[in-house]
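Could you put the whole structure together from the sequences, leaning on the hints where they help?
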Amino acid sequence: MSDPLRIVVVGNGMVGQKLLEELAERRPSGLDITVLCEEPRPAYDRVQLSSFFSGKTAEDLSLVPPGFFERDGLVLRLNAKAVAIDRSLKQVTTSTGETLPYDKLVLATGSYPFVPPVPGRERPDCFVYRTIEDLEAMTEAGGRSKVGVVVGGGLLGLEAAKALKDMGLETHVVEFAPRLMAVQVDDGGGRVLRQKIEALGVTVHTQKNTVEIVDGEARRHAMRFADDSVLETDMIVFSAGIRPRDELARASELGVGPRGGIVIDNHCRTLDDDIYAIGECALWDGKIYGLVAPGYEMARVCAAHIAAAVPQEDADEPPQFTGADMSTKLKLMGVDVASLGDAHAATPGARVCVYTDERKQVYKKLVVSEDGKYVLGGVLIGDAEAYGTLLQMMLNRMELPPEPEFLILPSGDGAARPALGVDALPDAAQICSCNNVSKATICAAVRDGAHSIGKLKTATKAGTSCGGCVPLTTQLMKAEMKRCGLSVNNHLCEHFPYSRQELYHLIRVGRIETFDELITRHGRGRGCDICKPAAASIFASCWNEFVLKKDKAALQDSNDYFLANIQKDGTYSIVPRIAGGEITPEKLIVLGEVAKKHRLYTKITGGQRIDLFGAQVHQLPLIWKELVDAGFESGHAYGKALRTVKSCVGSTWCRYGMLDSVSMALAIENRYKGLRAPHKIKSAVSGCTRECAEAQSKDFGVIATEKGWNLYVCGNGGMKPRHAELLAGDLDDETLIRYIDRFLMFYIRTADRLQRTSVWRDNLEGGLDYLKDVVVHDKLGIGAELEAEMAQVVGSYACEWKKAIESPEVLRRFRSFVNSDAPDSNVVFVDERNQIRPATPEEKARFKGVPVIAESA
Amino acid sequence: MDGSNMDGPSTDTGWTDVCAVDDIWPNTGVCALVEGCQVAVFRLVDDGQEQLFAIDNGDPFSDANVLSRGLVGNLGERLVVASPIYKQHFDLATGECVEDPGVSLRTWRVRVADGRVLIAA
Numbered sequence: 001m002s003d004p005l006r007i008v009v010v011g012n013g014m015v016g017q018k019l020l021e022e023l024a025e026r027r028p029s030g031l032d033i034t035v036l037c038e039e040p041r042p043a044y045d046r047v048q049l050s051s052f053f054s055g056k057t058a059e060d061l062s063l064v065p066p067g068f069f070e071r072d073g074l075v076l077r078l079n080a081k082a083v084a085i086d087r088s089l090k091q092v093t094t095s096t097g098e099t100l101p102y103d104k105l106v107l108a109t110g111s112y113p114f115v116p117p118v119p120g121r122e123r124p125d126c127f128v129y130r131t132i133e134d135l136e137a138m139t140e141a142g143g144r145s146k147v148g149v150v151v152g153g154g155l156l157g158l159e160a161a162k163a164l165k166d167m168g169l170e171t172h173v174v175e176f177a178p179r180l181m182a183v184q185v186d187d188g189g190g191r192v193l194r195q196k197i198e199a200l201g202v203t204v205h206t207q208k209n210t211v212e213i214v215d216g217e218a219r220r221h222a223m224r225f226a227d228d229s230v231l232e233t234d235m236i237v238f239s240a241g242i243r244p245r246d247e248l249a250r251a252s253e254l255g256v257g258p259r260g261g262i263v264i265d266n267h268c269r270t271l272d273d274d275i276y277a278i279g280e281c282a283l284w285d286g287k288i289y290g291l292v293a294p295g296y297e298m299a300r301v302c303a304a305h306i307a308a309a310v311p312q313e314d315a316d317e318p319p320q321f322t323g324a325d326m327s328t329k330l331k332l333m334g335v336d337v338a339s340l341g342d343a344h345a346a347t348p349g350a351r352v353c354v355y356t357d358e359r360k361q362v363y364k365k366l367v368v369s370e371d372g373k374y375v376l377g378g379v380l381i382g383d384a385e386a387y388g389t390l391l392q393m394m395l396n397r398m399e400l401p402p403e404p405e406f407l408i409l410p411s412g413d414g415a416a417r418p419a420l421g422v423d424a425l426p427d428a429a430q431i432c433s434c435n436n437v438s439k440a441t442i443c444a445a446v447r448d449g450a451h452s453i454g455k456l457k458t459a460t461k462a463g464t465s466c467g468g469c470v471p472l473t474t475q476l477m478k479a480e481m482k483r484c485g486l487s488v489n490n491h492l493c494e495h496f497p498y499s500r501q502e503l504y505h506l507i508r509v510g511r512i513e514t515f516d517e518l519i520t521r522h523g524r525g526r527g528c529d530i531c532k533p534a535a536a537s538i539f540a541s542c543w544n545e546f547v548l549k550k551d552k553a554a555l556q557d558s559n560d561y562f563l564a565n566i567q568k569d570g571t572y573s574i575v576p577r578i579a580g581g582e583i584t585p586e587k588l589i590v591l592g593e594v595a596k597k598h599r600l601y602t603k604i605t606g607g608q609r610i611d612l613f614g615a616q617v618h619q620l621p622l623i624w625k626e627l628v629d630a631g632f633e634s635g636h637a638y639g640k641a642l643r644t645v646k647s648c649v650g651s652t653w654c655r656y657g658m659l660d661s662v663s664m665a666l667a668i669e670n671r672y673k674g675l676r677a678p679h680k681i682k683s684a685v686s687g688c689t690r691e692c693a694e695a696q697s698k699d700f701g702v703i704a705t706e707k708g709w710n711l712y713v714c715g716n717g718g719m720k721p722r723h724a725e726l727l728a729g730d731l732d733d734e735t736l737i738r739y740i741d742r743f744l745m746f747y748i749r750t751a752d753r754l755q756r757t758s759v760w761r762d763n764l765e766g767g768l769d770y771l772k773d774v775v776v777h778d779k780l781g782i783g784a785e786l787e788a789e790m791a792q793v794v795g796s797y798a799c800e801w802k803k804a805i806e807s808p809e810v811l812r813r814f815r816s817f818v819n820s821d822a823p824d825s826n827v828v829f830v831d832e833r834n835q836i837r838p839a840t841p842e843e844k845a846r847f848k849g850v851p852v853i854a855e856s857a
Numbered sequence: 001m002d003g004s005n006m007d008g009p010s011t012d013t014g015w016t017d018v019c020a021v022d023d024i025w026p027n028t029g030v031c032a033l034v035e036g037c038q039v040a041v042f043r044l045v046d047d048g049q050e051q052l053f054a055i056d057n058g059d060p061f062s063d064a065n066v067l068s069r070g071l072v073g074n075l076g077e078r079l080v081v082a083s084p085i086y087k088q089h090f091d092l093a094t095g096e097c098v099e100d101p102g103v104s105l106r107t108w109r110v111r112v113a114d115g116r117v118l119i120a121a
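Going down the list, the sequences are from chains D and R.
The first sequence begins at 1 in the numbering used here and counts up one residue at a time.
The second sequence begins at 1 in the numbering used here and counts up one residue at a time.
Hints were generated in silico from the structure; no laboratory data involved.
Be careful, since some hints might not be right.
Unchecked claim - Quick partial rundown of chain D residues pointing at chain R, CB under 8 Å, derived from the structure:
hint, residue
1, 522
2, 550
3, 554
4, 565
5, 814
6, 816
7, 841
Unchecked claim - Taking lysine to aspartate or glutamate and the DMTMM-like style, the derived pairs with C-alpha atoms no more than 25 Å apart in a straight line are:
hint, chain 1, residue 1, chain 2, residue 2
8, D, 844, R, 114
9, D, 550, R, 114
10, R, 87, D, 611
11, D, 550, R, 22
12, D, 568, R, 56
13, D, 803, R, 23
14, D, 568, R, 91
15, D, 568, R, 99
What the hints assert, rightly or not - Computed beta-carbon distance windows for the label pairs:
hint, chain 1, residue 1, chain 2, residue 2, range
16, R, 94, D, 769, 30 to 40 Å
17, D, 586, R, 113, 45 to 55 Å
18, D, 825, R, 113, 21 to 31 Å
19, R, 99, D, 308, 19 to 29 Å
20, D, 588, R, 111, 45 to 55 Å
21, D, 103, R, 99, 50 to 60 Å
22, D, 622, R, 111, 31 to 41 Å
23, D, 606, R, 111, 27 to 37 Å
24, R, 51, D, 785, 34 to 44 Å
25, D, 520, R, 94, 26 to 36 Å
26, R, 99, D, 811, 27 to 37 Å
27, R, 100, D, 520, 51 to 61 Å
Computed from a predicted model, the values in this text were never measured in an experiment.
C-beta atoms are modelled at their ideal positions from N, C-alpha and C, and glycine is treated no differently.
Quick look at the structure:
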């Protein structure tokens, strides 16, 4: 085998990282790659950088899967900057004085923020908006500032303005051009955008040319403009555009454009055949692409070309970079903004259609070709719903309907908006531009069984970066399922032609309280192991009656029927509630004594409770009688219900604790204990941001801050870990509980059967913003209703085990045999580490009929 | 006590009286010991119509004696019980596993006399 190809990659930003992924996929061996990264951490999502201010950590933003850099033939050097290239010797010199030889060199150096040469720009508390370190410094300064100014009213500038606003600062945006987002938006759009941004409390100053920054009188700085006006501020963020990082290429005469950028060909090669440039530092056909999607495309092209140097059997002709579409859609400070293609109608003969509603603050512009047949571009402010349709029509050169203006006009009565028939899209149509996913790929994944948007995201990566294509992807999924003859339904099972959400609604609105009534009125047949527990769970969520009432008992699966967790050998485990993980020594001793007396295997759970294993059906009431007498309640470990609320010791004991996390955990656990839901619910409360209770891995988690409680939702550990997202911050106790009430009840109303909050959230159209609208802003106007429904459940709580052991009728069911008091002879335990464990089949065969540990009386 | 030494009426040799019909809550099952074997006995009620079924209690997929604790219902025309361990369905009338027809459980004869449930091999 030949020597591996030595590759040096300069830069580990988003595009540099994409290159590594592409190379790893194409050539898992045969490459020897060294990556130089001048930042102290590997690649992170710069597109989502602003979410750092809403609670995302550097770790959340990371784009590097765990273990990625641990593979052979790949070395990452952090804090290592390339300082020189010697093209004749083919080696790179680093800031640490090392020289690295290469066969192929890739420059993915990105760009740097442009700071206008204004005197005073070097003053303290003047920032740029590019790296996590920049944001950390801004956060620090924000804490001791009252007023903040962003210089630059482009896309990034408005994001920075939102960050300042969120820090509670009086915020100004200063723009040199006559309008905001001058590149993407025209005058009309800029006006509406400005009104919307100002309505959010940000002051916009256009046509302002800063001439100097000096000491302020009331604030730290005074900015003086060319028109002699002055603005005083405590901190300044420069966001006045980007410039390519091409200094290495300049020094080694690789060819740069007149206004910067490393000149590349269609294979992303510079004029040196062994040196490539990709991303924001590259200049293709005189253009620099400051968006991530074209950068990713360059990474794919470059990786394919390098891989072709290590021949394998799949020797396809490597693809070429042929330019990229610069259309974008984003939400800026909650305002939808989209720009497509030729937004300024610069194409000769282009015709323009404009719709403005200043009352609703909506601006839409459609640019069509001279013959009126094709979309050339457009601008959408305030309502960007048409973006997906217009983009696909433009990119695929699809012929427009005869009256294209209806594409942007509001759909009044009777005038249905012509929707894009997804069938009309060609197979090659790129649906997700961030991850280059075509219609054909999405349809193939649907045919392979991805029948929910969550599964489709996992299978294809479509919609996993910016999320802009999710509505179109969903439309495609439904169309393809229909085409395959798959009924596009989420019917619970053959007995009910309804989704769980619909069934919930029918039960609540119709005040249905029994399964017989439900199936007579809305279903058919006798029910099954799918719909019966689902109905039982909804009855409990709505009416909260004793789950073992005679007409409910037959609906419960084994765990709920015996109020314990069935194990592989048919025995059960018992988990009493230990709210917040707090337990007195006396109660701890009781647990030990009960476990010892009944010979139960004892283990501490991940949720700060104690699990007792190995009880047979007939033992359960005996054990629970002793536990109830000692003051224990059911822990509902057997139910699709609230499980535990884990906590750290909080401010009571901990040096770092901000608030009393144990008291809050107790309050939450006692409030929601017994709450039945579509699936189990876990929670935790941490007393400070050190997060010892791991609240961000829970269905809902609470973290104390200096200003109150932060509420995180829809996290998950387990099979598919998902970090919880910040729903609301700095809450007082009462507001926190109100939001949790609403969040839980909304989940209970709308989730599918056995759908955890994390999957529910991934499938929720509108995502986190929608959830905030419902829970925090009460956009649906159901807040009070959800709270009342929760109040009913909370008010009717009763310990199920206490009720069970008080009912002779229920107790009679806890027998291994209806006609004998004998134990099940097939349950055999052996000793291991001084406790019992179930015997293996071999051990059972050996001990047949001679139980190693005899049944306790 | 154990099924082979049962008291209570038996109208025929080979029939074991296991319990009263009312000892089995509608649409649930119980486990009875019959001649040393564990038998899952189910009482299905639909529109006032009563039906009793008896099959082995042992779940061949988990080797645990649990089928009497499964949920009953119908899949199409078949009346079934779902194993609480790995959720396979078994036909109550034939004992056949719906998901894996190669696997079949023994069925037992069952009848009611004077409000008592009688089981025979």
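Quiz item: Against the structure shown, which of the earlier numbered hints fail to hold, in ascending order?
Solution: Those not satisfied are hints 1, 4, 5, 8, 16, 19, 23 and 27.
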